[in-house]
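Colleague: Sequential numbering of the sequence shown, starting at 1, is according to this note's numbering.
These are calculated hints, taken from the structure and not from any lab test. It is possible that part of the hints are untrue.
Claimed, not checked - Restraint-style ranges between C-beta atoms, simulated for each label pair:
1. Cys146 x Glu214: 24 to 34 Å
2. Arg227 x Leu248: 20 to 30 Å
3. Glu24 x Thr178: 36 to 46 Å
As the list claims (entries may be wrong) - Below are the BS3-like pairs computed for lysine-lysine, each with C-alpha atoms no more than 25 Å apart in a straight line:
4. Lys134 x Lys68
5. Lys134 x Lys217
6. Lys202 x Lys230
7. Lys203 x Lys230
8. Lys217 x Lys202
Glycine included, each C-beta is placed from N, C-alpha and C at the ideal position.
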Amino acid sequence: CEQHGIRVIIGVSWPDHVDFVNQEGLWDSCVEKLRAAVVTHRGHPAVMAYLVGNEISATLVRWLGPRKVKALLEELIEVGRGEDPQALFAYANYPSTEYLNPENADFIAYNVYLESDEDLSRYLARLQNIAGDKPLMISEFGADSCAMGLNDQARVIASGVDACIQGGIAGILVFAFTDEWHRGGVDVTGWEFGVVNRQREKKPAYNLLRSRFEAMKGGARAIRLSRAPKISVIICSYNGHATLSECL
Numbered sequence: 001c002e003q004h005g006i007r008v009i010i011g012v013s014w015p016d017h018v019d020f021v022n023q024e025g026l027w028d029s030c031v032e033k034l035r036a037a038v039v040t041h042r043g044h045p046a047v048m049a050y051l052v053g054n055e056i057s058a059t060l061v062r063w064l065g066p067r068k069v070k071a072l073l074e075e076l077i078e079v080g081r082g083e084d085p086q087a088l089f090a091y092a093n094y095p096s097t098e099y100l101n102p103e104n105a106d107f108i109a110y111n112v113y114l115e116s117d118e119d120l121s122r123y124l125a126r127l128q129n130i131a132g133d134k135p136l137m138i139s140e141f142g143a144d145s146c147a148m149g150l151n152d153q154a155r156v157i158a159s160g161v162d163a164c165i166q167g168g169i170a171g172i173l174v175f176a177f178t179d180e181w182h183r184g185g186v187d188v189t190g191w192e193f194g195v196v197n198r199q200r201e202k203k204p205a206y207n208l209l210r211s212r213f214e215a216m217k218g219g220a221r222a223i224r225l226s227r228a229p230k231i232s233v234i235i236c237s238y239n240g241h242a243t244l245s246e247c248l
């Protein structure tokens, strides 16, 4: 990745789909797995950030308690930061648990799959409010060409990236490059989220996505917004009306 100029966000996988609090010794093994991943890649120039978890199910969060889960995610971030103080750390959240945001994360990351650019734009505005002063990253976004067809997949991905650009998102990761992927050593079939197929043949989404990512390389000036953003400036003043005009 370093040779090709690619920065990597490493997602550390651990048993976040089971009761990792009450099973004896399980949480300690999760912490050590995170620590080992950071130590292994510490200081590597291609590493951009670490995601200490990914989409812990809403049911499990409610069962264990949101405050408890949030505190444990913050513990993972502190463990990772202790091994590599220069790295960035966050948790890949999703809409079902949008209240679960570690206070010590360096940025806010959400996996969001919305096929309407209007719905996506509205939800991005909400997430910006949740993120507050921290950068907001969309850590997963995409569309399934198997379910909607190649052309509609291209339209959804292109309009989604445009919505993220116009919504001031710090970054967006499109899921996925290829239809060929696996989980737990088992090939995943029935989903085709890639911008290329299993034979690495380009889908219509490929060139639309490439054009937008190339525009991003040029910075904000290379991206044409459909309208200027609205900005509010609040000036707090006590009996200062006489000098307010001069101030402005």
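Colleague: Which of the listed hints are broken here?
Modeller: Of the numbered hints given earlier, those the structure breaks are 6 and 7, listed in rising order.
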